[in-house]
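A.B. asks: What follows is the residue order along each chain.
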Amino acid sequence: MEARKRLNSRAFADDAAEEMVTSRSFWADARLRFFRNRMAVFSLFMLFCLFLFALFGHLLAQWNYEEIDWSVLGKVKTEGGPSLSNGHYFGVDELGRDLYARVVQGTRTSLLVGFVAGPAAVILGAILGALSGYFGGRLDQTVLGFYTIWISIPYIIFFVVWQAFFGRSLGQMILVIILVNWTAGLLIVRGQVMMLKNREFVDAARLLGMSDMAIIFKHLMPNILWVIVIYTSLVIPEVIMAESLVSFLGVGIQEPNTSWGALISEGARTMTFGTTWQLMFPAMFFVIAQVSLFYIGDGLRDALDPKER
Amino acid sequence: MTPHPKPPLLSVRNLSIRFRTGDGMVHAVNDVSFDITRGQKLAVVGESGSGKSQIALSIMGLLARNAQAEGEILFDGSNLLKLPTSELNNIRAREIGIIFQDPMSSLNPYMTIERQLGEIVELHEGASRSTARKRALEVMDAVRIPDARNRLKSYAHEFSGGMRQRVVIAMALMCQPKLILADEPTTALDVTVQAQIMQLLDDIQRDLGTSIVLITHDLGLVAGFCEDTLVLYGGRIMEQAPTLEIFEKPGHPYTRGLLRAVPNIGDPAAKLLAIPGSPPNQRRAIASCPFHPRCVDAVTDCAEKLPQLDGGNSKRACLRPVEELT
Amino acid sequence: MLNYTLRRLFTVIPILLVLIIFSFYLMRLAPGGPFTSERPLPAAVMANVLERYGLDEPLHVQLWTYIKNIVFHFDFGPSFSQKDRTVNDVIAQGFPVTLTYGFWSAVFVLVCGVPLGVIAALRHNSFWDYTMTGLAIFSQIFPNFVLAPLMVLLFTLSWGLLPGGGWNGGQWQYVIMPAVALGTSYMAGVARLTRGSMLEVLGSPFIRTARAKGLPERTIIIRHALKPALLPTLTYMGPVFVYMITGSVFIDVFFSTGGIGQDFIDGAYSRDYSILLGLAILYSVLTFTLTLLLDLLYAWIDPKVRSNM
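As given, the protein sequences belong to chains A, B and C, one line each in that order. If you read the first sequence in the numbering used here, its first letter stands for residue 155, the second for the next number, and so on. If you read the second sequence in the numbering used here, its first letter stands for residue 2, the second for the next number, and so on. If you read the third sequence in the numbering used here, its first letter stands for residue 699, the second for the next number, and so on.
The following block holds chain A by itself, in its conformation from the complex (with noise of 0.2 Å):
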């Protein structure tokens, strides 16, 4: 009776989700792996140095990123060379702005991008996956034919169009990323859904009237969040990727303001008249936040995905 009465507790219910995700002390052990791995704990270090830098790096510049130094215009060549002299650290990009400033409102943009739309558009997936792989019937099927059709589109092309036809703010970029990889997840969300969805503890939750969708939101997805722990590092480094890429086409993020992208862009269209720090310093940032990225993904896997313990 006692017994009985235990199981029909919503406490059990809780207890026994929770027991999936910590009692095993899951999220301690991953993290106690995690920072084993020196490269990760390392990577981790410099992304922190990189949003320090995106952060304050300006209060270190002497100029603002859109302000043209008029001194050095017209003879960039050969005045326009990284200096500590004359305040651009960096060097003046080919209008004559300081690179430096560009550099760190480039960092700004391109870790906003990645770190707000990356995360946004795993969620969005996870959140339908779990809904399909929940409910299935008629919603999963549309959703999975939604899904057939999105990744068998080019998605450049899409951006591109997208991009060109309706401006090139911050906003719509990070919109657009949504829009272009929400499918990222989905199927490994929709999958573990399924799985879990015949849990004990599921069926403990149903009996007790809990509502479909506290089921999903409060018992499935905690022990799912590895799964998009995992995607949204996998993601985050392809976001970054994207915009600069689309960027550099020349459909991005609109001038005065800029993105590693952009800003690796005009060093490549500019480095033939020898000018190549407008090129490699970017390209240092671009190239050191997708190694750390890389590192951290990396590691993040190792500690968090059963099949790589």
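Keep in mind the hints are simulated off the structure, nothing from the lab. Do not rely on the hints blindly, as some may be mistaken.
Chain B stretches covered by chain C per the calculated footprint, using a threshold of three residues with CB under 8 Å from any CB of chain C [to be verified]:
(1) 92 to 98
(2) 108 to 121
Lysine-lysine pairs mimicking BS3-like chemistry, simulated, CA-CA at most 30 Å apart [what the hints assert, rightly or not]:
(3) Lys135(B) / Lys1002(C)
(4) Lys250(B) / Lys316(B)
(5) Lys925(C) / Lys154(B)
(6) Lys351(A) / Lys372(A)
(7) Lys925(C) / Lys135(B)
(8) Lys316(B) / Lys306(B)
(9) Lys306(B) / Lys250(B)
(10) Lys154(B) / Lys135(B)
(11) Lys925(C) / Lys1002(C)
(12) Lys766(C) / Lys781(C)
(13) Lys154(B) / Lys1002(C)
(14) Lys316(B) / Lys83(B)
In this text, all values refer to a predicted model and were calculated from it rather than measured experimentally. All residues carry an ideal CB built from backbone N, CA and C; glycine is no exception.
Here the structure of chain A is known, so what remains is to put chains B and C in place on it, guided by the hints.
C.D. replies: Chains B and C alone, transformed into the frame defined by chain A:
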């Protein structure tokens, strides 16, 4: 007058196999010696992890990369453990055939059965494609694969489990080797198919005079098939005797335990007794009887001395005399 | 097999229709068009122009005419921004260029990627193995739009070995850099994947069976291991082709090859509906065709898949 002993076909002398792993050495096989004569059927019995499959693999030179084998495996006057791969390749399949336990994964999923059988005789006998096909057909008939002619072009996934195992056996027979190592040939199959496969192996042995080493965990399988049995535990030979004797008066507590764990159809009321405890930790070389922690008859000495394999026709490795065992 | 091919072709048609309709309305509903410029045209002239291109009719009529012309006359309509050129002309001129270096790029991906992966697997944990792993990480971090400028910096500006752009009728010197820049990261991906699956196959029971037959190592690898090891690579080539096709947009722009990518971007700038739509359809058709071909190739190689079709 005692009969002149037949010279052994294959002689395993003091074989030890160790694996280098992430957390130290694993001693899979320790100081194992036995002979196989022409036409003999020998069973090697042991639970999983007793090292029985590793013995078969070491004879074929197929041990994993992190394994080290010591001792000698003498075949035709040469030590197989020391032979370079190129010379070993002349013995593999031609002189010694092997039947692996999982027929599904042991067959190449992307080659037709004909090619997988045929390439063996093409390699070892220089046969042409058409000769190879003819030979494959003969052998498939011999292992009683129905409608062999039409199945030559089939792939492994198109066969049933039992048929697949027959293909694997056919593979071992292609060159009519002197010795066949059958590593759990029936584990993956259901009981009726098991009986058919064992019958098939028996016929092959009778018709071709092939020696067979049957490696299994299933004592029931051994009873009707092999003249001699070798019981392995923790990588050591516990007992080696004619099969009849093993069943009638087992001389080792482990063998006795194994027999008690076999269901008896004649006496359904008889209790099935599991051997308490779990197989030994093989991380370190042990200088005591590996079975003593689980042995009902163990005395203090058992934990301190390594019993030697002793005796004439039936050998046993136990410190206590047979009469004292429960 | 034929049945399967036909079924696949039929699923492509609705996807293409959705794509056309979606892009069509997306472009038309967006503010601005090919004839809106800073100095507005006189109303009479504007009406004249619109009538000439059929832009004065209701949208769904325009859509219908557009689809009808494609289906029945294979006519993608006139370009709005380039006088006296039709979209068909643009494709006829640019597509062969893109296809040429795209083909060589695919050859480069396979001819270098597969052997590299196989060698790394066979010499597991050796110099080659580490070189390859390094290369794989390198190429993940240097996407084509960073790699291409760096290549030009080295091979053109510093060493003067190769032309930094142009096409010149497809002379080999002009093809190399576009093909390599487009393919490098996928080449490394192919190598990494091949290495992984080769390692897995070499450890599998049927390779042990092949060894037990006494076959020499070379025969084992060529006859038994290569095919199963390459199947995952083949599956991976699908997405690779898709990315290469979209990546070619960038290559066309950066190396000024005169391929369709440049027209596509120009079309985006000038809001040239017909060019954008035509090229988007072309890119999509190319994507579908290549993935279908790959799937058929896969089925042809894998007996299990073949018997399920």
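A.B. asks: So which of the earlier hints does this model not fit?
C.D. replies: The structure conflicts with no hint, since it agrees with every one listed earlier.
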